[in-house]
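Protein chains: 2
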Amino acid sequence: MTTYTAPVRDLQFVLHDLLDISTLDLPGYGDLDREFTEAVLDAAGKLASEVLAPLNGVGDRQGCRLENGVVRTPDGFKAAFDQMRDGGWTALDCDPEYGGQGMPYVMGLSAGEMFSGSNMAFAMYPGLTHGAYSAIHAHGTDAQKATYLPRMVSCEWTGTMNLTEPHAGTDLGLLRTKAEPQDDGSYLITGQKIFISAGDHDMADNVIHLVLAKAPGGGEGTRGISLFIVPKFLVNDDGSLGERNAVSVGNLEEKMGIHGNATCVMNYDGARGWLLGELHKGMRAMFTMMNEARIGVGLQGYAVAEAAYQNAVAYARDRLQGRAVTGDANPAGPADPLIVHPDIRRNLMDQKSFVEGARALATWCAHLIDRSHLAQDADAEALVSLLTPVVKGFLTDKGFETAVQAQQVFGGHGYIEEQGMSQFTRDARIAMIYEGANGVQALDLVGRKLAAEGGKPIMAFFEMIKAEIKAHDTDEDLKTSFCDPLKTASKDLQTAAMFFMEQGMKNPNAALSGSYDFMHLFGHVALGLMWTRMAAAAGKALAEGTGDRSFYEAKIATGRYYMARQLPMTGAHLARIRSGAEPVMALDAGQF
Amino acid sequence: MTTYTAPVRDLQFVLHDLLDISTLDLPGYGDLDREFTEAVLDAAGKLASEVLAPLNGVGDRQGCRLENGVVRTPDGFKAAFDQMRDGGWTALDCDPEYGGQGMPYVMGLSAGEMFSGSNMAFAMYPGLTHGAYSAIHAHGTDAQKATYLPRMVSCEWTGTMNLTEPHAGTDLGLLRTKAEPQDDGSYLITGQKIFISAGDHDMADNVIHLVLAKAPGGGEGTRGISLFIVPKFLVNDDGSLGERNAVSVGNLEEKMGIHGNATCVMNYDGARGWLLGELHKGMRAMFTMMNEARIGVGLQGYAVAEAAYQNAVAYARDRLQGRAVTGDANPAGPADPLIVHPDIRRNLMDQKSFVEGARALATWCAHLIDRSHLAQDADAEALVSLLTPVVKGFLTDKGFETAVQAQQVFGGHGYIEEQGMSQFTRDARIAMIYEGANGVQALDLVGRKLAAEGGKPIMAFFEMIKAEIKAHDTDEDLKTSFCDPLKTASKDLQTAAMFFMEQGMKNPNAALSGSYDFMHLFGHVALGLMWTRMAAAAGKALAEGTGDRSFYEAKIATGRYYMARQLPMTGAHLARIRSGAEPVMALDAGQF
Numbered sequence: 010m011t012t013y014t015a016p017v018r019d020l021q022f023v024l025h026d027l028l029d030i031s032t033l034d035l036p037g038y039g040d041l042d043r044e045f046t047e048a049v050l051d052a053a054g055k056l057a058s059e060v061l062a063p064l065n066g067v068g069d070r071q072g073c074r075l076e077n078g079v080v081r082t083p084d085g086f087k088a089a090f091d092q093m094r095d096g097g098w099t100a101l102d103c104d105p106e107y108g109g110q111g112m113p114y115v116m117g118l119s120a121g122e123m124f125s126g127s128n129m130a131f132a133m134y135p136g137l138t139h140g141a142y143s144a145i146h147a148h149g150t151d152a153q154k155a156t157y158l159p160r161m162v163s164c165e166w167t168g169t170m171n172l173t174e175p176h177a178g179t180d181l182g183l184l185r186t187k188a189e190p191q192d193d194g195s196y197l198i199t200g201q202k203i204f205i206s207a208g209d210h211d212m213a214d215n216v217i218h219l220v221l222a223k224a225p226g227g228g229e230g231t232r233g234i235s236l237f238i239v240p241k242f243l244v245n246d247d248g249s250l251g252e253r254n255a256v257s258v259g260n261l262e263e264k265m266g267i268h269g270n271a272t273c274v275m276n277y278d279g280a281r282g283w284l285l286g287e288l289h290k291g292m293r294a295m296f297t298m299m300n301e302a303r304i305g306v307g308l309q310g311y312a313v314a315e316a317a318y319q320n321a322v323a324y325a326r327d328r329l330q331g332r333a334v335t336g337d338a339n340p341a342g343p344a345d346p347l348i349v350h351p352d353i354r355r356n357l358m359d360q361k362s363f364v365e366g367a368r369a370l371a372t373w374c375a376h377l378i379d380r381s382h383l384a385q386d387a388d389a390e391a392l393v394s395l396l397t398p399v400v401k402g403f404l405t406d407k408g409f410e411t412a413v414q415a416q417q418v419f420g421g422h423g424y425i426e427e428q429g430m431s432q433f434t435r436d437a438r439i440a441m442i443y444e445g446a447n448g449v450q451a452l453d454l455v456g457r458k459l460a461a462e463g464g465k466p467i468m469a470f471f472e473m474i475k476a477e478i479k480a481h482d483t484d485e486d487l488k489t490s491f492c493d494p495l496k497t498a499s500k501d502l503q504t505a506a507m508f509f510m511e512q513g514m515k516n517p518n519a520a521l522s523g524s525y526d527f528m529h530l531f532g533h534v535a536l537g538l539m540w541t542r543m544a545a546a547a548g549k550a551l552a553e554g555t556g557d558r559s560f561y562e563a564k565i566a567t568g569r570y571y572m573a574r575q576l577p578m579t580g581a582h583l584a585r586i587r588s589g590a591e592p593v594m595a596l597d598a599g600q601f
Numbered sequence: 010m011t012t013y014t015a016p017v018r019d020l021q022f023v024l025h026d027l028l029d030i031s032t033l034d035l036p037g038y039g040d041l042d043r044e045f046t047e048a049v050l051d052a053a054g055k056l057a058s059e060v061l062a063p064l065n066g067v068g069d070r071q072g073c074r075l076e077n078g079v080v081r082t083p084d085g086f087k088a089a090f091d092q093m094r095d096g097g098w099t100a101l102d103c104d105p106e107y108g109g110q111g112m113p114y115v116m117g118l119s120a121g122e123m124f125s126g127s128n129m130a131f132a133m134y135p136g137l138t139h140g141a142y143s144a145i146h147a148h149g150t151d152a153q154k155a156t157y158l159p160r161m162v163s164c165e166w167t168g169t170m171n172l173t174e175p176h177a178g179t180d181l182g183l184l185r186t187k188a189e190p191q192d193d194g195s196y197l198i199t200g201q202k203i204f205i206s207a208g209d210h211d212m213a214d215n216v217i218h219l220v221l222a223k224a225p226g227g228g229e230g231t232r233g234i235s236l237f238i239v240p241k242f243l244v245n246d247d248g249s250l251g252e253r254n255a256v257s258v259g260n261l262e263e264k265m266g267i268h269g270n271a272t273c274v275m276n277y278d279g280a281r282g283w284l285l286g287e288l289h290k291g292m293r294a295m296f297t298m299m300n301e302a303r304i305g306v307g308l309q310g311y312a313v314a315e316a317a318y319q320n321a322v323a324y325a326r327d328r329l330q331g332r333a334v335t336g337d338a339n340p341a342g343p344a345d346p347l348i349v350h351p352d353i354r355r356n357l358m359d360q361k362s363f364v365e366g367a368r369a370l371a372t373w374c375a376h377l378i379d380r381s382h383l384a385q386d387a388d389a390e391a392l393v394s395l396l397t398p399v400v401k402g403f404l405t406d407k408g409f410e411t412a413v414q415a416q417q418v419f420g421g422h423g424y425i426e427e428q429g430m431s432q433f434t435r436d437a438r439i440a441m442i443y444e445g446a447n448g449v450q451a452l453d454l455v456g457r458k459l460a461a462e463g464g465k466p467i468m469a470f471f472e473m474i475k476a477e478i479k480a481h482d483t484d485e486d487l488k489t490s491f492c493d494p495l496k497t498a499s500k501d502l503q504t505a506a507m508f509f510m511e512q513g514m515k516n517p518n519a520a521l522s523g524s525y526d527f528m529h530l531f532g533h534v535a536l537g538l539m540w541t542r543m544a545a546a547a548g549k550a551l552a553e554g555t556g557d558r559s560f561y562e563a564k565i566a567t568g569r570y571y572m573a574r575q576l577p578m579t580g581a582h583l584a585r586i587r588s589g590a591e592p593v594m595a596l597d598a599g600q601f
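First to last, the sequence lines map onto chains L and C. Counting from 10, one number per residue, gives the positions in the first sequence under our numbering. Counting from 10, one number per residue, gives the positions in the second sequence under our numbering.
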């Protein structure tokens, strides 16, 4: 059985030492002093470690069951969901007008890491509700907001996103689900949607489905798509629940992981729905919440990795096997703990340096989203838009890799389900796939984000790195261990971007052949920037005479590891990119 | 559901174009002309694709069951095992004196790839029997050989290896299982062994356990360990089965994958056993079969990857999603097949270039084992001994990575168990762990193999690369696309080896901190050498006017991809290695 310890100290480091949030001039940020955020995160962490984590293995083993058309969640899920709801955790960063607590997204993300880390499958129920909440909040009419939001903020009603159909995954232009307009302004929705996470369950009174469908007159492809609100139970004018809508669960998928979450085939048989946002502008409505949703998936990557890492460290400290090459570390015992062995350290440091860097990057992006929403900061929005595919793609790839590495520390025991490490690997796998498979993230990055606004956001990112390096000009330690490798890596990224620009028009396949490597190259540079900033922040705390020297020294040492041992990957990615399209496209389809 | 196509054409390419086995002056090799090996591989491939592959998903879903102390294998396994046995496939490379067909190991490995690729969990039953057969063949008395080998060659009786105990995995010195000598020369074995693959089942009349245990007088640690033959049913003098031995299945493990194989907790309660080989020399007896066993696990890495790759290609050709950036490839259809997209190509080429390179490396190693066994070639033995941890560690890491990449091609469908791609990922995962976890392989490589015989084998390997490069001096295409990158990569490997030698004595942690990267660096160089040789062989066939131009051209193009897109990894591994022990060992155990 695995355990989960809330990483509050590390979250606090990112919020205060790195981002210094309480000093920032943004609505709602002024309240976020160290004491307040610690109290919030401690309480969230308590729920995560004491309530959600013990249900993680239960959810994996039991999974969800479909009984007479109703989805039953694993034992204990309902009670835990009640606790989460009663504690106000689903409302943390929601609009006070609809019952939310009005905290910035940066706080929602920080608490959310612990919910996803302790029980990813469980956390998806409120997580998807939050996504649907955001869509209705951004695009709904006042009446729609009044009808749905208060109950979704509290998670009395939960939400879903219905995009995929059996023949239409990434390519939403192929959708067949139809929406037929009715005289009363509603639509009748008919079609089948698949892979609907949290599609149905027994923990809430109603499920509000947001469904992409084609209404007449929109034209071919994605232009014809609109977004509809389709509740499981129709809602009467007084807000009470009316009759059952014609939407049903066709099947529950047997998946590799996240067994505690119900992945449903949803059948819409003339179900009654209401347009959300503008007719035929459904894709636009979806995209406005994409940044947040994708950062939320990137979060799952490092949140699960953190949980896996914690258990690997505990095992490495505990398990006695072999002797340290430099002399017995545990002479009284039959063998030394695994953690004395350099290759175990290498493995653990890979994990630790990734998770902490990833947390910094995602939290910074959450803060940029706050800037964009709370202060209408267009530069912040452009930057986070650029970084979003990196957060989603890179952090979930590396998060999965980290879970695999953590599992490896356990040797044969890691392969046994009872131990729980396999679950982290199996759960983490999905984050690389859903919310836009990582190859699609790479395509988004290179095909759209890079060239957005004539390249202004990526230039701003490079300027930011340059400024960071310049700021530590006179700090010899930072310069050697952090700024110099960051400069090299950043140069690799610039060279790659230049290569794409040169090739772009005349040979689009050359850029697309390197897109995946570019996403990873970018990820390493972004984490390199985060580590440089974190090392500087830790150095500041040490210089100011912090009482917690060990914590800050470990932070710097972990950053040094990342710069020395991960950042050199940028050279390999650049070499792959520069080899261009020829080796990638050389074969005919029949030659594979 | 997944399918499996026997890769006979590719196996033939390795055996004949690359290794030219029929011309080699080794006992048994003279018979191996193209027609003969094709007939053998076709027949093995038919068994694999038509009998074993359809049971792969069945085994995964049903798993094994423990019923009243007896393990029941999944539906169809027993009939398939009978077919395999009746076809003589378990006897292919066994000694004719005991009923084997006497083919070289290189043929056993080639057929074995298809058995593991089509159904890894199933193939472990005969696979472990082969390992036990080899141990008894090498170390048994004449009487033991006469008693056990004929029935193990035919797999009427199967075999197991019992090493691990709950508290003793890699560190076998901690073993507690006891062997008490009896007056009749036998021993009574008492203790618990875990993770015993194929530990019990219903497909054979007897199971012959090889068990590591401590007999009195051997001293502490691994020195006290001996190897014992412990049959499930005692064998009477006339070869008939006698009474049940005091060995029983304590439990069946629930695992992440290979559900079709019974992973048993074995309890020995004063079970009767007989010494195999010399007393207190059990470790040595185990190690003599280690090369073969570890290459067999390396094989599982690329065998499962090949199966996953095949299914990914089929899906990429079939699934319509999106449009090619260079213009519609399927204008009559609603979308283009996935395979038009450069990033899908990148993914598939990563897979293809790995699998084919890995097959070449493992088959070459099998051939080196043949040289060492059949012609007492000490240089071949030293070289394969050096390469073995690379084959085991690198090919299983990359094999798993390949299975994950193949799964990714399917998008959300890859996460659904019904599709079968998850099983490849889950099955492939174990190969990184068992038969010495990959970190232990890296330790073996750097801590022992590198320095063996004063470094003679690694120097021989470098000389071999130099000679290969020199041989193609005047071939401009080979030089640019293959020899030059191979030279660079080989230089990285030499620099790393030099770094270890310089650091070795004064700072052993520096070498051990880089051991894992060294294993991967070595793997890339070895595959680079294989691809250079394969490209040269393919070029030769093309120059000679082969009628199968497309096949050989694809071979060269796939090799070019590996050299351009995988070999640059050596630089990153070298950089990690050169950063030394400091970043790896910086933290106290408490700071993780």
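If you're looking for bench data, these hints aren't it; they were derived computationally from the structure. One thing to keep in mind: the hints can contain errors.
Where chains are identical, the list cannot tell them apart; a pair therefore holds if satisfied intra-copy or between any two copies.
[What the hints assert, rightly or not] Straight-line distance between alpha carbons at most 25 Å, and here's what the computed SDA-like set of lysine to any residue pairs gives:
| id | residue 1 | residue 2 |
| --- | --- | --- |
| 1 | Lys500 | Ala584 |
| 2 | Lys290 | Arg332 |
| 3 | Lys496 | Asp26 |
| 4 | Lys55 | Lys515 |
Fair warning: this is a prediction, and the values are worked out from it, not measured in the lab.
(request) Could you place Lys55 and Lys515 in one of the four classes (within, between, both, neither) given a Cα distance threshold of 25 Å? (result) neither (56 Å within a copy, 47 Å between copies)
(request) Using 25 Å as the alpha carbon limit, work out where Lys500 and Ala584 are close: within a copy, between copies, both or neither. (result) Close inside one copy (13 Å) and across copies (17 Å); limit 25 Å.
(request) State whether the alpha carbon distance between Lys290 and Arg332 is at most 25 Å within one copy, between copies, both, or neither. (result) between (64 Å within a copy, 22 Å between copies)
(message) At most 25 Å between alpha carbons: which applies to Lys496 and Asp26, within, between, both or neither?
(response) For Lys496 and Asp26, only the intra-copy Cα distance (23 Å) is at most 25 Å; the inter-copy one is 47 Å.
Consistency note: the structure conflicts with earlier hint 4 alone.
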